[in-house]
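Here is how the chains run, residue by residue.
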Amino acid sequence: MSIAKFLVRRTLQAVFVVWGVVTIMFGLRAVSPGDPATLMLGEGATAETIARVRAQEGLDEPIYVQYLDYVQGLLIGDFGYSWRSNREVEAMVIERIPATLELAIAATVVALVIAIPLGVVSATRRNEPADYGATLFSLLGISTPNFWLGLMLILLFGVWLGIFPTGRRPVGLVEAIWTLVAFGSAGDLLTWLQHITLPALTLGTYFTALITRLTRSGMVDELGKPYVTATRAKGLPAVLVRYKHVLRNTMIPILTVLGLQMGTLMGGAVITETVFNWPGLGLRLIDALDARDWPLMQGIIVFIAVAFVTINVFVDALYSSLDPRVNDE
Amino acid sequence: MISDRITSNLRRTFRESLLPKIGMVLLVSIVLMAVFAPLLATHDPTRTGYYDEGGNAYPPIGTEYTTQIAVDGEIQEVEVTADSAHVLGTNNVGQDVYSRFVYGARISLLVGFSATLMAMLVGVPIGLIAGYYGGRVDDALMRVADTMLAFPALVLALALIGVFGESPVYVPDPIVSLGLADGMPESIPIPGTVTIVAALVIWVWFARVARGEALSLRNEEYVKAAKSFGTTDRDVLIGHVLPNSVTPIIVLATIQVAVIILLEASLAYLGFSGTTLSWGYEIERGQDILRTRPWVSTLPGIGIVLTVIAVNLLGDWFRDALDPNLDEGQRGA
Numbered sequence: 000m001s002i003a004k005f006l007v008r009r010t011l012q013a014v015f016v017v018w019g020v021v022t023i024m025f026g027l028r029a030v031s032p033g034d035p036a037t038l039m040l041g042e043g044a045t046a047e048t049i050a051r052v053r054a055q056e057g058l059d060e061p062i063y064v065q066y067l068d069y070v071q072g073l074l075i076g077d078f079g080y081s082w083r084s085n086r087e088v089e090a091m092v093i094e095r096i097p098a099t100l101e102l103a104i105a106a107t108v109v110a111l112v113i114a115i116p117l118g119v120v121s122a123t124r125r126n127e128p129a130d131y132g133a134t135l136f137s138l139l140g141i142s143t144p145n146f147w148l149g150l151m152l153i154l155l156f157g158v159w160l161g162i163f164p165t166g167r168r169p170v171g172l173v174e175a176i177w178t179l180v181a182f183g184s185a186g187d188l189l190t191w192l193q194h195i196t197l198p199a200l201t202l203g204t205y206f207t208a209l210i211t212r213l214t215r216s217g218m219v220d221e222l223g224k225p226y227v228t229a230t231r232a233k234g235l236p237a238v239l240v241r242y243k244h245v246l247r248n249t250m251i252p253i254l255t256v257l258g259l260q261m262g263t264l265m266g267g268a269v270i271t272e273t274v275f276n277w278p279g280l281g282l283r284l285i286d287a288l289d290a291r292d293w294p295l296m297q298g299i300i301v302f303i304a305v306a307f308v309t310i311n312v313f314v315d316a317l318y319s320s321l322d323p324r325v326n327d328e
Numbered sequence: 000m001i002s003d004r005i006t007s008n009l010r011r012t013f014r015e016s017l018l019p020k021i022g023m024v025l026l027v028s029i030v031l032m033a034v035f036a037p038l039l040a041t042h043d044p045t046r047t048g049y050y051d052e053g054g055n056a057y058p059p060i061g062t063e064y065t066t067q068i069a070v071d072g073e074i075q076e077v078e079v080t081a082d083s084a085h086v087l088g089t090n091n092v093g094q095d096v097y098s099r100f101v102y103g104a105r106i107s108l109l110v111g112f113s114a115t116l117m118a119m120l121v122g123v124p125i126g127l128i129a130g131y132y133g134g135r136v137d138d139a140l141m142r143v144a145d146t147m148l149a150f151p152a153l154v155l156a157l158a159l160i161g162v163f164g165e166s167p168v169y170v171p172d173p174i175v176s177l178g179l180a181d182g183m184p185e186s187i188p189i190p191g192t193v194t195i196v197a198a199l200v201i202w203v204w205f206a207r208v209a210r211g212e213a214l215s216l217r218n219e220e221y222v223k224a225a226k227s228f229g230t231t232d233r234d235v236l237i238g239h240v241l242p243n244s245v246t247p248i249i250v251l252a253t254i255q256v257a258v259i260i261l262l263e264a265s266l267a268y269l270g271f272s273g274t275t276l277s278w279g280y281e282i283e284r285g286q287d288i289l290r291t292r293p294w295v296s297t298l299p300g301i302g303i304v305l306t307v308i309a310v311n312l313l314g315d316w317f318r319d320a321l322d323p324n325l326d327e328g329q330r331g332a
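Those protein sequences? They're chains A and B, same order as listed.
Sequential numbering from 0 applies to the first sequence in numbering that gives the first Met the number 0.
Sequential numbering from 0 applies to the second sequence in numbering that gives the first Met the number 0.
Heads up, a few of these hints could be off.
Example chain A residues on the side facing chain B (calculated, C-beta under 7 Å, incomplete) [said to hold, decoys possible]:
hint, residue
1, GLY19
2, VAL21
3, LEU27
4, SER31
5, PRO35
6, LEU38
7, LEU150
8, VAL269
9, LEU288
I should point out that these hints are in silico values taken from the structure, not numbers from a laboratory.
All C-beta atoms in this analysis are idealised placements derived from N, C-alpha and C, irrespective of residue type, glycine included.
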């Protein structure tokens with residue numbers, strides 16, 4: 000199967016998954032208790048106003064008409080209006096994307112920068128102190144709830160040592176880079192860096208631990224294969240074999256897991272944003288849940304699902320270029 | 000089912016390495032702590048109002064701290080050394096931190112194990128049937144699985160709890176009803192929706208693993224042989240396919256217990272659990288007073304970490320002994 004055909008098939012599957020998410024969310028909203036018009040207007044609204052809003056929002060239509068309306072809206076990028084603030088949901092989602100994206104990328108960078116060298120060292124020095132250290136670290140990392148880790152980091156670095164700020168995001172990365180380029184002042188960038196350090200560590204630790212484990216076990220498997228002995232016998236230096244051949248082969252399964260773990264990353268972002276009061280999508284989702292603001296909640300979740308499946312299609316594409324055998328299926 | 004080879008493998012890896020032993024000791028201790036919580040607790044964990052004379056929460060015994068005491072009718076700030084009946088101090092509503100720590104183990108373990116069991120009971124049969132018959136049933140299952148996995152577990156759980164409420168289930172405490180522990184709560188609230196939601200979130204992983212096993216087993220000679228004798232599909236599934244899929248399912252179950260314990264803690268932290276007697280909830284409660292009373296958040300976190308480490312160590316032991324091919328990719332949710 001050619002790459003193009005493979006991608007078309009994967010994209011169709013992805014579209015199906017997003018449709019599933021949209022439908023499930025709509026179904027949940029339909030069975031959820033509470034009258035939407037009352038939720039929108041508050042307890043004090045008169046019966047007349049409620050009736051008018053019901054008609055306006057199409058709430059008196061049969062359920063399948065409401066469903067078709069909703070799906071039709073989504074297709075043209077209309078996610079409806081927030082019940083709480085009466086603003087367009089798509090605007091409320093979009094304005095929160097940069098904060099979450101910054102956090103997710105920073106956490107992934109933290110994870111990769113620490114985990115891959117750690118995993119390689121651990122695999123090549125098996126049963127030495129460095130390996131034990133890395134194993135202990137990764138065990139702790141996958142076993143620690145990230146909200147608690149966040150609080151402990153706040154306590155240690157924020158309260159006791161006073162090195163890092165303990166919450167909020169006074170400036171975005173894009174604005175910070177803009178001030179650097181336009182005015183030559185690095186102050187904003189520094190502020191950004193200070194504020195994102197603890198959240199990124201909090202969100203990144205689980206992944207650092209997971210990738211360390213994956214890299215280690217993958218490398219151990221690869222290092223035992225005959226081609227490693229063969230290339231070493233041919234006289235290639237150990238370092239070259241390790242990084243050029245072995246690590247490359249180890250990265251393939253790691254990539255897949257990373258793609259699948261994007262869901263965990265998003266869930267982790269919700270928690271991390273709550274701990275650090277980081278104004279991203281996760282914090283907005285919690286607010287929407289607390290207020291039972293269904294259109295906003297649906298909008299955020301559908302957006303997360305789209306992001307998740309898109310990333311996974313990309314991962315699959317990358318995967319097939321790293322491992323040509325995938326296309327032969 | 001579990002062959003002699005597997006048991007001897009388990010025994011050998013247990014003997015040879017230290018980590019499974021640590022995991023076993025930890026988990027047994029935590030289970031004992033949870034079971035005998037009413038006997039181990041020093042105070043009713045739900046009772047509020049244990050404050051010092053100055054109306055402040057007690058710090059752990061031996062800590063030096065400042066409080067206000069009335070001396071000759073005048074309020075004075077004094078340095079005192081904490082010396083109360085509260086070994087680990089009290090929280091901001093004056094509850095005994097140690098007793099709540101002991102009781103918190105119950106919620107984590109109950110939710111972790113019962114949700115995993117439920118998910119297994121739902122996911123394994125569906126996966127086996129899908130993999131064994133293949134075709135449309137299988138396609139449908141895989142698409143459902145993809146959809147479920149596109150939801151971040153935590154987000155799906157939050158959405159479901161938003162719909163169904165928290166519905167705590169009050170379970171009578173056997174030790175208290177036997178009259179062995181006076182003054183302890185007679186029943187403890189289990190977060191009902193959280194347990195079911197957790198099972199709903201992870202059953203897909205069980206279905207996927209069971210499907211994979213059934214898919215590869217259905218072409219095995221012995222399965223074909225059994226079918227040629229006229230054995231019904233149902234008997235082939237229960238008698239041959241299921242027993243041979245047990246090992247990877249057990250390994251997966253252990254990983255999922257750890258995942259669920261963390262999920263429950265997160266939900267409780269966000270305030271969506273339905274019980275206040277949970278480690279996650281206690282961490283949230285301590286967050287506002289982190290600067291002045293850090294012990295309130297710190298201790299329950301250590302409880303979660305130790306429990307999850309114990310489960311993970313046993314999971315690694317099972318995986319190494321039973322199925323070296325199962326990888327980290329199934330650390331789902």
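task = May I ask which of the numbered hints given earlier this structure violates, with the numbers listed in increasing order?
result = 2, 5 and 6
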